Every structure is written in structure tokens, then in C-alpha cells.
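Student: In case you want the letters, here they are:
2 protein chains.
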Amino acid sequence: MKNKTTASIICLFLFIGSYAQELANFRRAPVISPEIGDKTVTFRISAPQAKLVRLYGSWMRSFDSSLNMNKDTAGLWMVEIPKPSAELYTYNFIVDGLNVNDVNNVFLQRDGTRYLSVLLVPGEITANYFEAGRRGNLRKVWYNSPTIGTTRRMYVYTPYGYETGKDSYPVLYLLHGGGGDEDAWATMGRACQILDNLFEKKLAVPMICVMPNGNPGQEAARTSLIQEKALDRNAPGVANLYINSIVKDIIPYVEKNFRVIAKPEARAVSGLSMGGGHTLSVTNEYPGTFSYICPLSSGASAKYADLDTKLQGIKNAGYKLYWVACGSEDALAYANSKNLDAALTRNGMEHTFFVSGGGHTWANWRIYLNTFAPLLFK
Amino acid sequence: MKNKTTASIICLFLFIGSYAQELANFRRAPVISPEIGDKTVTFRISAPQAKLVRLYGSWMRSFDSSLNMNKDTAGLWMVEIPKPSAELYTYNFIVDGLNVNDVNNVFLQRDGTRYLSVLLVPGEITANYFEAGRRGNLRKVWYNSPTIGTTRRMYVYTPYGYETGKDSYPVLYLLHGGGGDEDAWATMGRACQILDNLFEKKLAVPMICVMPNGNPGQEAARTSLIQEKALDRNAPGVANLYINSIVKDIIPYVEKNFRVIAKPEARAVSGLSMGGGHTLSVTNEYPGTFSYICPLSSGASAKYADLDTKLQGIKNAGYKLYWVACGSEDALAYANSKNLDAALTRNGMEHTFFVSGGGHTWANWRIYLNTFAPLLFK
Chain R
0 MKNKTTASII
10 CLFLFIGSYA
20 QELANFRRAP
30 VISPEIGDKT
40 VTFRISAPQA
50 KLVRLYGSWM
60 RSFDSSLNMN
70 KDTAGLWMVE
80 IPKPSAELYT
90 YNFIVDGLNV
100 NDVNNVFLQR
110 DGTRYLSVLL
120 VPGEITANYF
130 EAGRRGNLRK
140 VWYNSPTIGT
150 TRRMYVYTPY
160 GYETGKDSYP
170 VLYLLHGGGG
180 DEDAWATMGR
190 ACQILDNLFE
200 KKLAVPMICV
210 MPNGNPGQEA
220 ARTSLIQEKA
230 LDRNAPGVAN
240 LYINSIVKDI
250 IPYVEKNFRV
260 IAKPEARAVS
270 GLSMGGGHTL
280 SVTNEYPGTF
290 SYICPLSSGA
300 SAKYADLDTK
310 LQGIKNAGYK
320 LYWVACGSED
330 ALAYANSKNL
340 DAALTRNGME
350 HTFFVSGGGH
360 TWANWRIYLN
370 TFAPLLFK
Chain Y
0 MKNKTTASII
10 CLFLFIGSYA
20 QELANFRRAP
30 VISPEIGDKT
40 VTFRISAPQA
50 KLVRLYGSWM
60 RSFDSSLNMN
70 KDTAGLWMVE
80 IPKPSAELYT
90 YNFIVDGLNV
100 NDVNNVFLQR
110 DGTRYLSVLL
120 VPGEITANYF
130 EAGRRGNLRK
140 VWYNSPTIGT
150 TRRMYVYTPY
160 GYETGKDSYP
170 VLYLLHGGGG
180 DEDAWATMGR
190 ACQILDNLFE
200 KKLAVPMICV
210 MPNGNPGQEA
220 ARTSLIQEKA
230 LDRNAPGVAN
240 LYINSIVKDI
250 IPYVEKNFRV
260 IAKPEARAVS
270 GLSMGGGHTL
280 SVTNEYPGTF
290 SYICPLSSGA
300 SAKYADLDTK
310 LQGIKNAGYK
320 LYWVACGSED
330 ALAYANSKNL
340 DAALTRNGME
350 HTFFVSGGGH
360 TWANWRIYLN
370 TFAPLLFK
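Taken in order, these protein sequences are the chains called R and Y. Counting in numbering that gives the first Met the number 0, the first sequence runs from 0 upward without gaps. Counting in numbering that gives the first Met the number 0, the second sequence runs from 0 upward without gaps.
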């Protein structure tokens, strides 16, 4: 009798302990998706009532390339594809015309207002996108921005050893693109993993990485539910509000609250697309503040009627690296990146124009970060 | 000619700046969902090919209560419901039998392996679930756990003013339930917002809140993609691995790396469900370590054949608060929470048994945190 009671008690305890998991399992079949094999990847989704289920993945040329999936008698749809080359892809299912995420894949990332299922194919290009052995920490930090007039949120990555050591570090200010926010580089950009891996492999100088929110009407990403202010980005005073706040609010906050080297030669700035424009603006308007300047996939050089004057300002103030990157198929930014390259040459400024394949994509921005971070602070 | 060129250039720049947003808009109709009105909430989803779309929300009694939605000629499905009472609810659409999230709602939260769309209805109960004016920061911290033998991740919340001040703070160790991980309290639990609001309203003593990962086979949440170790939680040495690591690894890390008051009277521990079991275990096995003990919705009292002896240990070591909470409809934990209440009474230990309505739900766990946090460290 006692044994029976004890057994019942143990059973109850086990039941309670695993309750949430059981509930989760109960609500769906034990489906594995995506399943990454040696040469194939298999996707599965249970949709017994669906007439047609297709798979769209970012490795395809377009939505038109979506693949039909096959249904088994239990209503499980499946498709196996040749394993795409190493990259971080996003994908979704199209169930009778409706885009849905892969409910069996816990690796879901937000890209602006959209959530996308992620397929991370291992290989040389993605080696630094997985967790390193030694990992830095990530802080979600609220700071005061008198320039913009609100409290605002940014992410601050500190490298492995920061908490236990006494060293001061250089800082990379890493800016997101249009539609993104302070979360973008840490999720879609794999910035923490890339930096962790580069430092562990001694390929880059350990640095702090600051990822602010580049939408001055937002205190934080929309997921915070904080009401956004509608700002006309072309109104007088608004256009440079954010880049002013970088120099007047963010840099002072970082240099006060973190062990950093508070000198231009220990400051880098980079950003993608709109953030590449911010990179140009903040270095053009505040020459000498950042010694390392890395605009990515930016078309913003076209904005400056007085680009040569601005670049001369940077040249006179001094800089260590001007590294421009763009994809050769980037219809949005390639022509103007070439213009920036030409302007830098015309003004006798040492620089790199890193032209990759591909277009205006996170695949490229991850590759760029992985490529230029080793060049910083050396 | 010059004006035309300038105009083209400005247009191109505007286009690039808003590119990502445009892309997001292009892929879906401008649908608002959920729309919270004075007395109603309206849900919408575009699914032109669907035959039947239903809405399920956590305010309903069961899946059987799902509501049929109505389709307009453009294929937009809609349903308006009377506004449920103030609470943080999760919901999904059921499109021809398939559960899908609300693609138009950026507020999506992960609960273990599932992602759920969130409806946060404003009101008295949820007042502290929104962002306060003064907000603390959240750190994702990797620490070394010699006890478990890996590096592990936890979240550490620091209250508003921590970075700029010199004060040392008491610490709440806040533990998640089965199926959860270090992210659970900060997302589903709204722990940062609740603490921010309580501190801002001067209803609670500012404290640091440490949210570890209670699955010893995991270095971090599954979203990290780090391979899990399969541990038999009932194998010798495994059952107490995590609670040993709290005392031997986590507390020392926190007390070394943060400005905290390193005394039992400045340590609280609480947890839900499995984490309530961990709360019982860590206080039973390490009496005198925590002065504030708050197990929530835990059935774990049944686990102890020698519960009275263990409680006498806590009584002898001294404590300030023993606060037990459970929902009266919680089939998993209510009977055993009553047993714990009776055992505390039997052993002459001052305590509170806080019985709420409802069951084994995040709604209750948020209410409990909001209720007991003001009792700590006073």
C-alpha cells in the first residue's frame, strides 16, 4: 500500500513537472521540420484539410519557384529538397494560398513586423552564425535621449570576459535598416554569434557592439507596445535627429556606463541600407568622431550635393578605415555605392569597395559584418 | 534638368529608406488585427481560399468554444467579440483546421516551443503589464556552471537606476515551469514590466531579478540551437543538479558580478509549477539561504516523505516570508498546495496561502508576481 502511494505520488510529480511540455505535444503531432540531412532538407507540416501546400524559401529565386508538397494519408505534407549551400535562410509554407510559419520549428525570427521560420544550413559561410564556445552577453538598455526627447532602448553586446576583466574596449556602433529596430542585428544579423566566433578564433579585436533603434519616433521596437510618434523624416530638424542623438546621447551614455576607450580611433560605425545612410550622415556631419566607417548596401551617397566637401571633412579629420560594401545585384544601392567609391577615389581617400554577389539581403549583411569586423581597431 | 535630377535622387533615397517596410506591406493587405475598441475586440485575417476560419482565444473555456469568422468578398475574415476583462490573452486562428498566428499582430510570444499571438486588454489587472515610465534593463548573461559542467544562460533584470547609482540591491530568483526556459518570465510572465511598475509606484523595494534556465540538459533556450543533453531527471545526482547549481553557481555569480546584498534576508526565491518544485527543493535542501520563499502552483509537496523535517529545517534556520499560491481550479497543484499549507500550519510556521480563481495559467503567475513582489525585503 505504501509503495503504491509512493508510486502514485511520484507519477503525479512527474506529470506536473512535464505538464507544459505534454500540453505542447498533445496539441500537435510529433513532426520534425526542418530535418537537415547530409544532402537533403525535409520540410513537413500537418494540414489534413488542405488542398494544396507549397514551400517557399529564401534560397529560391522568387515566390514563383515555390514547391508543391506531397500529402500522406494522415494529412502530413512533406517535401524534400537538395540541401542549399550554407546560409541562414527564411521560409514559410503556403497552405491553400495562406502564408504560415513552420509550427514545428522553434527557430523563428522577427524581421521588422514579420516573423519568419529559419533554416540555418551549416558550412563554411555560416560557421560563425552558430554559438561559439565563449559567448559575450547582451543587454537591453534604456537610455535617456534629450535630443529626441524620450527614453529609448538599445542593445549592447559585451564580449566574453568583459564582466570579469578590467580592460577597456573599442566600440562598434551597428545600425539597422528601414523597417528594422534595435533587435535586428542581434536576431536576423547574428551579430553576437559572429563577434563571439571572431574573438574566439582571434580573428578580430574584442569590442563592444552597440545596436540602437534608428527610428526616432520609436522608444523601442514595436513589440514593446509603446505608442509610436509619427515623425516626418523630411521635416526640418527631423532628418538629423537620430544621427545627432548618436553623437550627443548614445556615445556619452556608452562611454559613461561601459568600460570603453573613449577615443575616435576606438569608435567604428556601420549600418545597412537606411543604417548605411545613417553611417554616411553621422560621419559626414561629425567628422573625426569615428575612425572606422563601414556603410553597407547604402544608396545614400546620392543625397549629398556636397559629398566631396563632406568627404574632405572626414579626410582632414583623419580616419583609419573607409569600407564600403554592396551586392552587385542590389538594384537599390549598387549604383550609388559605386558613386561613393568613385567619390572616395576622386577625393584621394584610401578605402575598400567590397562588392559581393547577391542583393539587398541579410545574407549579405551577415557576410559583411563577418568580413569587416576583423579589420577594426588594428 | 537639375531639379528633375534632384527630385529623382530624393525619390530614390526615400524609396531605399522605406524599402524593408514597403516589402513587408507588399506581402500583405493593410489589415488591423486585433483592434481593441471601447467594448469590443475585432480580429481579422486575409484567407481568400479558406472554407472555414475560426478564432480561438485563451479567454474561452475550451477549443470547442472557438468562434466562426465571417468572410467578405475580398477574402478577409472578421469576427468582433465583446471585450474580455483585462488580461494578457493568447489566441490563434483556425484556418480549415490549421492553427495559425495572427500575421498582422507584431505582439507574438514564445511559450516553450509554441509561438502565440497576444491580446493585451488594458485595465486594472494588466496595468503593470505595460511599459512603465522608468524601466530597468535586461541582460542575457552566460555564466559558468561547474555543478552542471557547462556554460549556461540566464536573464538578469536590473531595476531603473542600477547603472547610474551605487546602491546594492536584494535579489529575487525567479524560476520557470516545465517546458519553459530562461526567457519565460521575461516574455509570458511580463516580469520586467511588473517590477518596473511596482518600483515606479513605490509599491515594492527595488530588486534585481535573476531568471535562470531550469532544464539542466540545456545550456540555453532551444532557440539558441545548442544541442541539448538528454538527462534522466530521476537518475541519481540529476534530480538536484539544478537546485545545487542555483546555490553553488548562480548565487555566487550574481553576488560577484552585480551590486547585491549578499545575505539571506536579501534573497527571495519563487517559481511556477516545476519552478515551484525547485523553490521547495532549494529551500528544503539549503535552509537559511533564502529568507523569502514563494512557490506558485506547485504540486511538489507530495514529493517529500520527510516534508515536516525539511520545513523544521527552514523554521530553525529562520525565514521572513513563506508565501504559497495556487488557483482553486488547478487540478495539477491545488491539492498539494493545500497539503503544503497544512504542513506549514502543522509545523507552526507563519505563512500565507494565497488562493486565486483559475488554474495552471500564466494569467495566475503574473498576478502572483504582482502580488508577492511588494511583500519582499520589507
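These are computed hints drawn from the structure, not numbers from a lab. None of these values were measured; they are calculated from a predicted model. Be a bit skeptical, because a hint or two may be false.
What the hints assert, rightly or not - In silico PhoX-like cross-links for lysine-lysine, where the CA-CA straight-line distance does not exceed 25 Å:
no.	chain 1	residue 1	chain 2	residue 2
1	Y	228	R	255
2	Y	228	Y	255
3	Y	247	R	50
4	Y	165	R	165
5	R	50	Y	70
6	Y	255	R	255
7	Y	314	R	165
Claimed, not checked - Each pair of labels, with its calculated beta carbon distance range:
no.	chain 1	residue 1	chain 2	residue 2	range
8	Y	247	R	239	48 to 56 Å
9	Y	133	R	261	38 to 46 Å
10	R	258	Y	31	43 to 51 Å
Note that CB positions come from ideal geometry on N, CA and C, so glycine has one too.
Student: Each of the hints needs a verdict: does it hold here or not?
Tutor: Hint-by-hint comparison with the structure:
{"no.": "1", "hint": "228(Y) with 255(R)", "in the structure": "41 Å, violated"}
{"no.": "2", "hint": "228(Y) with 255(Y)", "in the structure": "28 Å, violated"}
{"no.": "3", "hint": "247(Y) with 50(R)", "in the structure": "56 Å, violated"}
{"no.": "4", "hint": "165(Y) with 165(R)", "in the structure": "18 Å, holds"}
{"no.": "5", "hint": "50(R) with 70(Y)", "in the structure": "19 Å, holds"}
{"no.": "6", "hint": "255(Y) with 255(R)", "in the structure": "21 Å, holds"}
{"no.": "7", "hint": "314(Y) with 165(R)", "in the structure": "42 Å, violated"}
{"no.": "8", "hint": "247(Y) with 239(R): 48 to 56 Å", "in the structure": "52 Å, holds"}
{"no.": "9", "hint": "133(Y) with 261(R): 38 to 46 Å", "in the structure": "27 Å, violated"}
{"no.": "10", "hint": "258(R) with 31(Y): 43 to 51 Å", "in the structure": "46 Å, holds"}
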